[in-house]
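Protein chains in written order, with our numbering: chain A, 1269 to 1575; chain B, 506 to 858.
The hints are simulated quantities; they were obtained by calculation from the structure and are not laboratory data. Some clues are possibly wrong.
Here are the simulated lysine to any residue pairs, SDA-like style, with alpha carbons at most 20 Å apart [as the list claims (entries may be wrong)]:
hint: 1; chain 1: A; residue 1: Lys1490; chain 2: B; residue 2: Thr826
hint: 2; chain 1: A; residue 1: Lys1490; chain 2: B; residue 2: Ser718
hint: 3; chain 1: A; residue 1: Lys1490; chain 2: B; residue 2: Leu828
hint: 4; chain 1: A; residue 1: Lys1490; chain 2: B; residue 2: Val823
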Amino acid sequence: MPRRFALAAFLTVFALAVALVSTAVASPSRSAATPFPATITVSNGQVTIQKRPSRIVSLSATATETLFAIGAGKQVIAVDNQSDYPKTAPRTSLSGFTPNVEAIAGYRPDLVVISYDPKGLSEALGKLGIPVVHQDAAATLPGAYQQIRQLGKITGHTAEANALATGMKRKITAIVAKARAKAAGVTVYHELDPTLFTLTSNTFVGRVYALFGLRNIADAAKGGTEYPQLSAEYLISANPALIVLADTVCCAQNARTVAARPGWSRIAAVRTGSVVRLDDSIASRWGPRLVNLVRAVGTALGRLGRQ
Amino acid sequence: MEAAAATARAIRVRGVTPGWAVAAVAFLAVALVVGVVAGPVHIGVGDVLRSLGEKLGIPGVTSPLDATQESIVWDLRVPRVLLAGLVGGMLAIAGATYQGVFHNPLADPYLLGVAAGAGLGATLSIAYLPDALAGRHVLPVAAFAGASIAVVLAYAIGRAAGRERDAATLVLAGVTVASFFTALQTFVQQQNADTLQEVTSWILGSLPNTGWSDVVALTPYVLVATAVIVAMRRVVDVLSLGDLEAASLGVDVRRTRLTLVVAATVGTAAAVAVCGLIAFVGIIVPHAIRLVAGTSYRGLLPLSFVVGAGFLILADVVARTALAPAEVPIGVITALFGAPFFAFVLRTRGGRA
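Bound conformation, chain B alone:
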């Protein structure tokens, strides 16, 4: 029955047409421009573009911005837009990867306990580390370490269950580890009520105003993780048919899955360490693409990165401008706008997917 369904699905797999690829890149380009132009401080579109021209060394173009405006655009907005793009792209492609590898439409980048582990790491560093150490420098490292430990633990438990080829066992192990780590985190948080505000604002997710340093720190992780996943996109297509089917087609299911999960997890953990937990991107972006553009992972994976990047950049524009000059946590925006948008796509395109 399952095999028959999988075969039926395999037949229905649609490739992504070049048209959709162009549309996705155009979407990202628009998002990038909007992201740099829009903000709580009004700076004219033309002025920003002329400043960009000067930075790019286009002869005859000089920036009309004063020093403060230059600083706002180049020290704050541009790095923040790039950071949003990296994080959004990473979360979306990781989500798509998990969904393919675990044959689970509800899989998200936080499936194997990444979020809970990172949350525990961050909370511990905020609550117990000496103040001079905590903050910007140690927190991301602690979050990354926590995320890695959680996933290794989930994988070990899944293996110990003796059925690590079974994707469902691994998912259950992830859920177990996540509950345990969340409980630990809540306990530590309760013991240190004075740091509650810091922990909460980290958990809600926000893009920090650290300028270029976070962009520089995050880029290698995202590049490597994305490159590995995109290079293996054809294997994900085969894996998504089901473990038995993939094995019969000559795929080393265990090793392939491990490689993909490690790549997606490392990228996610790095993103979470910098921005906290940003919900929903990893689920809605891949599904929205499936619904409108096709279900083949060959196209889905790269498109997820591009569209996810554009989506989070636009979400951050809303976060920055909706209550300007106050900010709204970006995790709230992604769910608030993502959920109705996805419901709309589901309703209008659902029949065709």
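Okay, chain A solo, but in the shape it has when bound:
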């Protein structure tokens, strides 16, 4: 009798243990299958998405790139006229700068992602019961990674988004680590347009240059603006060793057109061929292709060292 009791007790404990272990194993898989409702904190406050969205409208070119990169592309039904990457994105005439609420609502979206909120756009969509995620331009690299993770969370692609962000961080760190030694003290000029508008180290792209340890010649500009217009004569006397052109698409600039500008043939970067051509859109977005920007700078720095 005591023996049977012992056996019963043992079986009971065993069953309980198995049950416990099985629930312990089952619970994470269950939570991964139903990660909704998902809540994130973005530029327009705390946003809760009740269920996995399947009709996403993106009015942010950066968010479009991210959504497609994390495998949420199939859930995207419309993107704005600036979202030119990837090519498979369903580009429409919707505008993120001068948006029309009715036109957006006409797509019956269950999620609208924006990077700019003009004239109460998010409020108007909110009144129609359409959830809006406003991700303002990232100011720092961690900010950019966080936006990717957030988009993953609210679209049901947490794992892919985390992998993307981690991978980007790893690649960028590796490129920077390799080029940092060559970048010490090297001066850089980042061109936004041929009238010499540029950016300081207080901007997202400026921080990328700072990461390398490059010295941005625009930091001398007074007036507190992060996007100053430089004097041509200052630029020539600052003699940057590296020039990054972010006006290759808008304004068809390249090493040749830059060299042809009066007085520019003497600039170190022009003489040594250290003029980097960058797709304008890569340099103005903070999404997955950020790695391309970092790689372009790293490659140019690598060449610089060999001269």
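Since the structure of chain A is already known, use the hints to place chain B on it.
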């Protein structure tokens, strides 16, 4: 009543004394020197002058500047100063001409839709032309074409109103065309938000760093336009009395006005095509001269060119150095410094004008 007022004005017309002419030329000379010497990169006055001496071939003078400094002075500063002078002079003399021809003290070089037309042309070329074509080469041509179309349209509408001898009708036609073109431009701009920055910076006006090419391109237009206006300066005096008065004095009002307007407009359109819209020069410079030096167009027109040139050169010095090494749009400077200066002149000299 009007005729009486005009006659009274005619009696009060004062000629410009030689003293003021000398002062204006001296002002321009000072502006030229300051313009070449001042800049975000500090180069000593003496060094610049010695470099100039070498360039002028003065024996025994050699430039102490290194290659980069030489390049800054001769490839950037000197052409930019000359460009500012050409544009400022052109806008000022065109403004004075318009004010005389249209008997309107508020007339400026952009009165007949030049600005709106040029703006539309520039915006269209930035927004729709293939990138390889757009930019420095096509933009000025498009701006010039737009400006010309706007003025021709304004003139045609004014004529169709059947009263083209009436200056007010032409001004109204200009305002109409300007509103229409501005609306079109805003629409195109909104459809192409990605090019907003380019369009905005063009509209605010800036002197480009294109070296000598823009100076060479602009000079013939400014020379011809200025020569025509200065040659006709006595007729402008008569025209400014009023259309009827001028006609009774034997002036072919319609033809004279057309010639003057075409000259002023062609010069303005060329300047706008190169530098964008630079506000206020065409209004304050002629009025400041009227207030201090005299109202006769014989002296006013040439003086406007000289003082306008000096004014814009100095405004550009401020634009280049105020936030150096960053730049401020020159249109902002001309209004920011021009308006208080003009208010001061108005207050101190107003009673005597």
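Now for the hints, and whether the structure bears them out:
Restraint check for Lys1490(A) and Thr826(B): the C-alpha separation of about 10 Å stays at or below 20 Å, so the hint holds. For a cut-off of 20 Å, the pair hint linking Lys1490(A) to Ser718(B) is broken: about 30 Å separates their Cα positions. For the suggested pair Lys1490(A) and Leu828(B), the alpha carbons sit about 5 Å apart, so the restraint of at most 20 Å is met. Taking the CA atoms of Lys1490(A) and Val823(B), the gap is near 14 Å; set against the 20 Å cutoff, the hint holds.
Violated hint: 2 only; the structure is consistent with all others.
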